[in-house]
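Got chain A; can you put chains B, C and D on it based on the hints?
Chains as they are written, first to last, in our numbering: chain A, 694 to 912; chain B, 694 to 912; chain C, 694 to 912; chain D, 694 to 912.
Any given hint could be a false lead.
Derived DSSO-like pairs: lysine-lysine, alpha-carbon spacing no greater than 27 Å straight-line [as the list claims (entries may be wrong)]: (1) Lys902/D x Lys850/D; (2) Lys757/C x Lys757/D; (3) Lys757/B x Lys757/D; (4) Lys788/B x Lys902/D; (5) Lys788/C x Lys850/C; (6) Lys788/A x Lys850/A; (7) Lys902/C x Lys850/C; (8) Lys757/C x Lys757/A; (9) Lys850/C x Lys788/D; (10) Lys850/D x Lys757/D; (11) Lys902/C x Lys788/D.
Think of the hints as simulated: they come from the structure by calculation, not from any bench.
Here are the chains, one letter per residue:
Number of protein chains: 4
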Amino acid sequence: MQESLAPRRTYGRESVEFARTLTFTDGLFAIAMTLLVVDLAVPTLSDASSVHELADALNDDSAKFISFFISFAVIGRYWLAHHTYFSALARLDRKLIALNLLYLAFIAFLPFPTALLGEYFSNPLSIAIYAVNVAIVSGMEVVLFSYAHNHDLLEQKLPNDVYRYGVAMSLAPVVFFMLSIPIAFISTVLAACTWFLGIPLAAIAQRWKPEGADDLLLG
Amino acid sequence: MQESLAPRRTYGRESVEFARTLTFTDGLFAIAMTLLVVDLAVPTLSDASSVHELADALNDDSAKFISFFISFAVIGRYWLAHHTYFSALARLDRKLIALNLLYLAFIAFLPFPTALLGEYFSNPLSIAIYAVNVAIVSGMEVVLFSYAHNHDLLEQKLPNDVYRYGVAMSLAPVVFFMLSIPIAFISTVLAACTWFLGIPLAAIAQRWKPEGADDLLLG
Amino acid sequence: MQESLAPRRTYGRESVEFARTLTFTDGLFAIAMTLLVVDLAVPTLSDASSVHELADALNDDSAKFISFFISFAVIGRYWLAHHTYFSALARLDRKLIALNLLYLAFIAFLPFPTALLGEYFSNPLSIAIYAVNVAIVSGMEVVLFSYAHNHDLLEQKLPNDVYRYGVAMSLAPVVFFMLSIPIAFISTVLAACTWFLGIPLAAIAQRWKPEGADDLLLG
Amino acid sequence: MQESLAPRRTYGRESVEFARTLTFTDGLFAIAMTLLVVDLAVPTLSDASSVHELADALNDDSAKFISFFISFAVIGRYWLAHHTYFSALARLDRKLIALNLLYLAFIAFLPFPTALLGEYFSNPLSIAIYAVNVAIVSGMEVVLFSYAHNHDLLEQKLPNDVYRYGVAMSLAPVVFFMLSIPIAFISTVLAACTWFLGIPLAAIAQRWKPEGADDLLLG
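So that you can see chain A by itself, here it is in the shape it has in the complex (with noise of 0.2 Å):
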């Protein structure tokens, strides 16, 4: 009984705590980004100075740079939607910050579904492994915004249809990636092409967009 009158502990923005989560997040982040580096070896050749077979070890190893670039690419748009997400927190609770590290569980997984889908693009099993990892961070987004909306955690509330707008724009992801993971059994090209259905969507949905929801959703 008492324990239902005791406040739920919470962390402002400036308190230490909040900063600390942060810290965390972000070198987690860093290290995320910039492991699959270690991955590019120098490669062996039998004359040094041939530029012939410098590029053609190079070439062979060109799976590693792409997938280096798209990693920290889509790595890189993740931090961007996390700095946006926390410029709309006044505070955090403790689950909140545990489903924050869940969140992170599956963005320092990213770089070997990555890895894997620059080695082997035309292998279903690659792409339907790359579209669960990023349908579940996708996943995990909502999560975080549904949290933090329903437990007063924003620093402005937001409208209801605001909130469900911002919800069904960040499930659509969710729903292409799943959807591609089929398609990738059929075809891997249609099923990469499923995952840039968001673009024309976010065109058409500006139409059903509510008033204000850029300036509250981007905190």
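For chains B, C and D alone, coordinates are given in the frame of chain A:
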């Protein structure tokens, strides 16, 4: 003589020194939790687009995937405990900073026993090494907690019964993990079960909990 | 219409958002500068106590040691420039944060071309790849600087002559590094010499320097 | 002429620039201290549940385990010294930031000589390389300390006798480590003993310690 009069040097919550101790700690946690992804190598396939072959190859590496997520969860749980612990501190002194470093040495080492456990779960020695590492980390938590209590570094002085309850609850995992070592030489599955004895204990311990313990121990 | 009236969202120096952009950036720089030590493997010796054999083995790896220190120096120099640049900023906007990420992608990649250069200095392609990477990083510095100037993000508005001087000085290394690429196919030593043309240029450019440029450009 | 009148640019304790120098430094220390765990590979066993075989395999890698903990302890000790040093600083200037980077290059390199020492303790060259690296780091501590004293960056101006005492105490390990190099070619054990001469020296040096040195040198 004069030395005993000199005030011990402490660093308050808002100081640069408090902040950088946490930056260092959070950076180290983030690295320890992310590093295991380096172990996840993309397999070499003879038929790049074969779902079956890729599934088999990933299955052979399943211990590494399990290790990654277990290690992330275990170290993440310690990070949450460390976050809670520091939220109760009003200030640091040099000795606590050094004890924190010692604690972090065993956090940084944890990915290795976890990987060993993931690969050789049926080996009693893997169980023993993992249990010793986790027992040391949990034991260091008790040391850090007692030190802060005894040297007036906490924001709120704890009543003696709350302090003793906190120490007992933190010591329980140390006991269970040490106990699991001899059991591992009989059955590794039974030993791993011992690790979860903390869950029923926590339920039973609710009865002995001194009033106000939750508020005080959770900062 | 209304959108054009809405103020662009910016984050001041004291905001959590400004701070975490720097935490992320500094973490990424620290990792990129430290990672090359992973490449330095302890050699295997037939006679563990033979000075001669160990000296030979380390000598064979000398390219890796040189790469480590060159990479540290080059990335460290960029970190110093980034530190100076951000000390002149009064605020960030979302686009500058995204441009900063793009810049960091090429910082995170730098250890690879550096290792390639350390191993195959006589190969024109190594020189070319390194020169392209460095030219992109220096070019991104110009982009970041111009963006901040043109979008009123600097603490002090720069006079036009000082701004143009700053751009010219930052573009000079881009020109020298691009110029070195065709030269590398004639002589790699000559190409590397081109990289140091910035030193005499800086001495000559003192004459054209607008008054007050030092104070303004060094924040 | 006018340049000599322009005040040198400094960054106070509370500035963004002071903070990010420490974020970068602490990130780099955390990485250097954690990276060695990557070297600890899970061994391959023919009988997965054999305690004997796993014990043998881990025993063969014992040098790596010892290296990990020695490296953590040595770099951790330098981090503690750096933490104390910065707690005495009132402000930074650009040159101190650059000197700090140079110091960090040798911190980032330290895991390699430590691993070499762990593997080939009986090899005089391992001892010599390790001693040179440690002597450079300790020497850089003296440089950083002198620079701060001579350029008025400390919070409290040190009396000359306290300053000279501080420099002498910091130079002592440099001397002992350099001295150990020729000794290593006679006996590596004797050389390692030299490294601990600082302990009796510190006890003797208490007598010469100027009044108030403890307070002033420990910030």
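Can you give the numbers of the hints that this structure goes against, from lowest to highest? 10
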